[in-house]
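Trainee: Numbering-wise (our numbering), the sequence shown opens with residue 11 and increments by one.
It should be emphasised that the hints constitute simulated quantities derived from the structure, not laboratory data.
Given the structure is predicted, the values throughout are model-derived calculations rather than measurements.
Not one of these hints is a red herring.
In silico SDA-like cross-links for lysine to any residue, where the CA-CA straight-line distance does not exceed 25 Å:
| # | residue 1 | residue 2 |
| --- | --- | --- |
| 1 | K115 | V34 |
| 2 | K72 | T58 |
| 3 | K82 | N131 |
| 4 | K126 | D18 |
| 5 | K21 | R185 |
| 6 | K54 | T188 |
| 7 | K144 | Y87 |
| 8 | K144 | T84 |
| 9 | K162 | M176 |
| 10 | K82 | Q109 |
| 11 | K81 | G30 |
| 12 | K21 | T66 |
| 13 | K21 | P42 |
| 14 | K126 | S63 |
Computed spacing ranges between beta-carbons, pair by pair:
| # | residue 1 | residue 2 | range |
| --- | --- | --- | --- |
| 15 | K21 | G151 | 32 to 42 Å |
| 16 | K41 | N179 | 40 to 50 Å |
| 17 | Y129 | D108 | 13 to 23 Å |
Every residue gets a Cβ at the ideal spot worked out from N, C-alpha and C, and that includes glycine.
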Amino acid sequence: MAQILAGDIRKGVTFEYKSGVYTVTDFQHVKPGKGAAFVRTTLKNVVTGQVLSNETFNPTAKLETAQVETKKMTYSYFDGEFYVFMDDEYNQTMLTHDQVEEALKYIKENDVVTVKFLYGNAFSVEPENFVELKVIEAEPGVKGNTATNVMKNAKVETGAIIQVPMFVNEGETIRIDTRTGEYMSRV
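Throw the hints in and build the complete structure from the sequences for me.
Mentor: Set out below in structure tokens:
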């Protein structure tokens, strides 16, 4: 089994911990004025969905990485209960809302995503790092308000609310960084 140092963990890293397999959903390297540095994490059990907040690790602690397979798949449709994804060989994988909830902000039918599997069972969906989505609702920009750091809310075709500059209008297509949820540019 491969190992990773706790000081090297990042979002999305999956490892064995407390008789389960967890993926890192958030992390912070903490260097207090007194005492040793540590890594504070939020972990999500890939099987049960249980979240462990404020789990701390010594940066030199060794963690057993879990063998996670990734596969490019296409989001096909939602059947009312399951979200259906298909690979290049037309094999279908059906996932629940909890398993795809974060990705749903950035994907629509026929989009290519990365599906993660643990021991043959799918547990997570990740959209491409950058997606292009159409703005379906946006407050109109105020004339003369062109300061570069002024932002407003815009709703995109997937239903996600994104902070965009004042000059972005309804009907335009924008590029979004799905890792941070930030507006990148107009398309």
